[in-house]
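Novice: Residue-level listing of the chains:
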Amino acid sequence: GAGVSQSPSNKVTEKGKDVELRCDPISGHTALYWYRQSLGQGLEFLIYFQGNSAPDKSGLPSDRFSAERTGGSVSTLTIQRTQQEDSAVYLCASSPGLAGVGVNEQFFGPGTRLTVL
Amino acid sequence: KNEVEQSPQNLTAQEGEFITINCSYSVGISALHWLQQHPGGGIVSLFMLSSGKKKHGRLIATINIQEKHSSLHITASHPRDSAVYICAVPRYGQNFVFGPGTRLSVLP
Chain A
404 GAGVSQSPSN KVTEKGKDVE LRCDPISGHT ALYWYRQSLG QGLEFLIYFQ
454 GNSAPDKSGL PSDRFSAERT GGSVSTLTIQ RTQQEDSAVY LCASSPGLAG
504 VGVNEQFFGP GTRLTVL
Chain B
1432 KNEVEQSPQN LTAQEGEFIT INCSYSVGIS ALHWLQQHPG GGIVSLFMLS
1482 SGKKKHGRLI ATINIQEKHS SLHITASHPR DSAVYICAVP RYGQNFVFGP
1532 GTRLSVLP
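If you're matching them up, the sequences are chains A and B in order. Sequential numbering from 404 applies to the first sequence in our numbering. Sequential numbering from 1432 applies to the second sequence in our numbering.
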């Protein structure tokens, strides 16, 4: 399909292990967002990429979290030395990122459910 | 005080009823999003608006920038409208802050 895809859909890991979550945005979308939704909680902004600009990392909860976006397309969110409180659904969204339009509509992926044992 | 608040937190309605969900915010914004999260977790963007009113099918969204308030209305509600409705505003740039959501259940 032409939507945002994420992989894996589910990930179970042991405390202390590193995990990588992948997001494939809609082709041509220059803006990409990562969010987190803990059980029973609201959505939480993590990081935002726009084209070749420096990403807005202001939402990353600790230095164990990092993200990169290669070639302006696919993005990987990495969590090092996972903790139980990292358990959540990690959502990716993309938008056209049209200049001068302000905030653009976002298209969300299905999410990756991360469980840290 | 939370930056984005929604009311009610939970709402149960009978099929066919007119529904209103409210969102109030304290951050400065350029636009506000209304999102729908289905019971399975998938999120769909319903509206993005910066002024006035938008309509899509049975859904209507309004915003009052001066009062920092937005409403989402659903006319002739249907059980398939059952979901969590979330409003989101950019705190600055593209750094979004989300409301806690309103859980809507429409009974047949």
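Derived from the structure by calculation, the hints contain no laboratory data. What you are looking at is a predicted structure, and each value in this text was computed from that prediction instead of being measured. For each residue, glycine too, the CB sits at the ideal point set by N, CA and C. Some hints here could point you the wrong way.
Claimed, not checked - Partner residues are not named here, just some residues of chain B that face chain A (Cβ under 10 Å, in silico):
#, residue
1, Phe1449
2, Gln1468
3, Pro1470
4, Gly1473
5, Val1475
6, Ile1505
7, Ser1513
8, Val1528
Novice: With a cut-off of 10 Å on the beta carbons, see whether Val1475(B) makes it to chain A.
Specialist: Given a least distance of 7 Å, the restraint on Val1475(B) holds.
Novice: Verify the interface restraint on Phe1449(B): the C-beta must sit less than 10 Å from at least one C-beta of chain A.
Specialist: violated (26 Å)
Novice: Taking 10 Å as the limit, does the beta-carbon of Pro1470(B) come near enough to a beta-carbon in chain A?
Specialist: Violated, because the Cβ-Cβ distance from Pro1470(B) to chain A comes to roughly 13 Å (cut-off 10 Å).
Novice: Quick one, is the Ile1505(B) hint okay against chain A at 10 Å, beta carbons?
Specialist: violated (19 Å)
Novice: With a cut-off of 10 Å, does the beta carbon of Gln1468(B) approach a beta carbon of chain A closely enough for the hint to hold?
Specialist: Holds, about 9 Å.
Novice: Identify whether the interface hint at Val1528(B) stands, where standing means a beta carbon of chain A within less than 10 Å of its own.
Specialist: Status holds, d = 7 Å.
Novice: Does Ser1513(B) pass the interface check with chain A, least Cβ-Cβ distance below 10 Å?
Specialist: violated (18 Å)
Novice: Against chain A, with CB atoms and a cut of 10 Å, does the hint on Gly1473(B) hold up?
Specialist: holds (6 Å)
Hints 1, 3, 6, 7, counting from the list given before, are not met by this structure.
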